[in-house]
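Sequence lines, in order, name chains A and B.
First residue of the first sequence? That's -3 in the numbering used here, and the numbers climb one at a time after it.
First residue of the second sequence? That's 40 in the numbering used here, and the numbers climb one at a time after it.
Keep in mind the hints are simulated off the structure, nothing from the lab.
Heads up, a few of these hints could be off.
Claimed, not checked - Listed next, the in silico EDC-like pairs over lysine to aspartate or glutamate satisfying Cα-Cα at most 16 Å (straight line): (1) A:K148 to A:E111; (2) B:K68 to B:E55; (3) B:K68 to B:E201; (4) B:K81 to A:E13; (5) A:K148 to A:E110; (6) B:K81 to A:E111.
Predicted model only: the values in this text are computed from it and were never measured.
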Amino acid sequence: MEVGLAVNGSVQRHDVEPRTLLVQYLREACGLTGTKVGCDTSSCGACTVLVDGESVKSCTMLAAQADGTSVTTIEGLGTADSPHPVQAAFREHHGLQCGFCTAGMVMASVSLLEEIPQPTEADVRVGLEGNLCRCTGYQNIVAAVLAAAESK
Amino acid sequence: MIPAPFEYVRASTADEVIGALVEHGDEAKVLAGGMSLLPLMKLRLATPSVLVDAGRVPDLSYVRQAGDVIAIGALTRHRDLETSDLLAQHCGVLRGVSAEVGDNQVRHRGTIGGSVAHGDPASDVPAVLLALDATFAVTGPNGSREIAARDFFEGFLETALEPDELLTEIRVPKTGSNGWSYQKFNRRAQDWAIVGALAARVGGSTRVALVNMGATPLRAAGVEAVLAEGGGVADAASRAAEGTEAPADLNASSEYREHLARVLVRRALEQAAAAA
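So that you can see chain A by itself, here it is in the shape it has in the complex (with noise of 0.2 Å):
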């Protein structure tokens, strides 16, 4: 079946199974391979983007579902030279260790910022309740989150 979708903003156009998952189809038939599979069974959030703006786990999504939304993954977000205010915060705090789940703690970040622009402690740490760091690591996840909403 085709489906079609923006991706960062550029229109894709694929060939797929139906049974293909979309963060398959975002690493494979669009090369984007910045979102991270983990679990793979949509518990661990390394593989969160956002369709039509909202955080969800791409490995528990149909391409076929996201047919004629609009995906950002973490390569849309910003750039080495730009990047988004959550980016530069996670960067800033050294939210990350390891990285691997940064992608997705970044986008699911991204989404809850727009739920809760300015959030307590408490709802940045359920907020992301749904992303795991397996060097766990969230302080400064959370300081970085934080940070972000300040600096908006």
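With the hints as your guide, set chain B onto chain A.
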């Protein structure tokens, strides 16, 4: 993990969903948000040969007043329920429990109808609907019918829905904002409840429901009976595990779950009373 191959049918109306179900019988499954079904398909625990995507049926996502009840479209997402002003005013318990489902990402996709139709006894939403004596409107090739929540959940992942029927609307009574508490016990914040206990004031009575204490969501009949006779919280909570068949798994033995049920029901009753 990739699901087994299937034919994908995108329906744009409820009638198209039902038509596809009639055509393909029990080979077909309805896809709403996919938060329950897709994990099962990835694990190959479910291998439908036809997937009928109802996710874009436009008129099944709403929360509105309908006389004495609040009517909720089956495709309304948990996110829309946890932020609903109407529910905040008229059914705070459903709003609050919806906010406890999974995590943000799951609530952005998952729907109330999907959760109900999946019939998982470890899910949060079916238990609150059972406690509220909700009514489910379903439509099939021969028209529509209503099913009471107490008649709907028949067994583990088994419901009264026929293979060619679509759940379209959930109706709940107006219970006000407060007077409820949901105690969810789990290891990680986003996990299913190892045990959950809900207490809610509905009309003049206190309803108590249990999550993950049997093959279906359950009402704690013994607890409700003690409360109806004017008994105290401690006496009532001591009967929380009566009539349950708690599963044993790597998280908890049956005996531990029974203990949790008694403790969580007590906490739920105390907090529901404090929040009234």
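Tell me the hint numbers this structure goes against, listed in increasing order.
When the structure is compared with the hints, only number 6 turns out to be violated.
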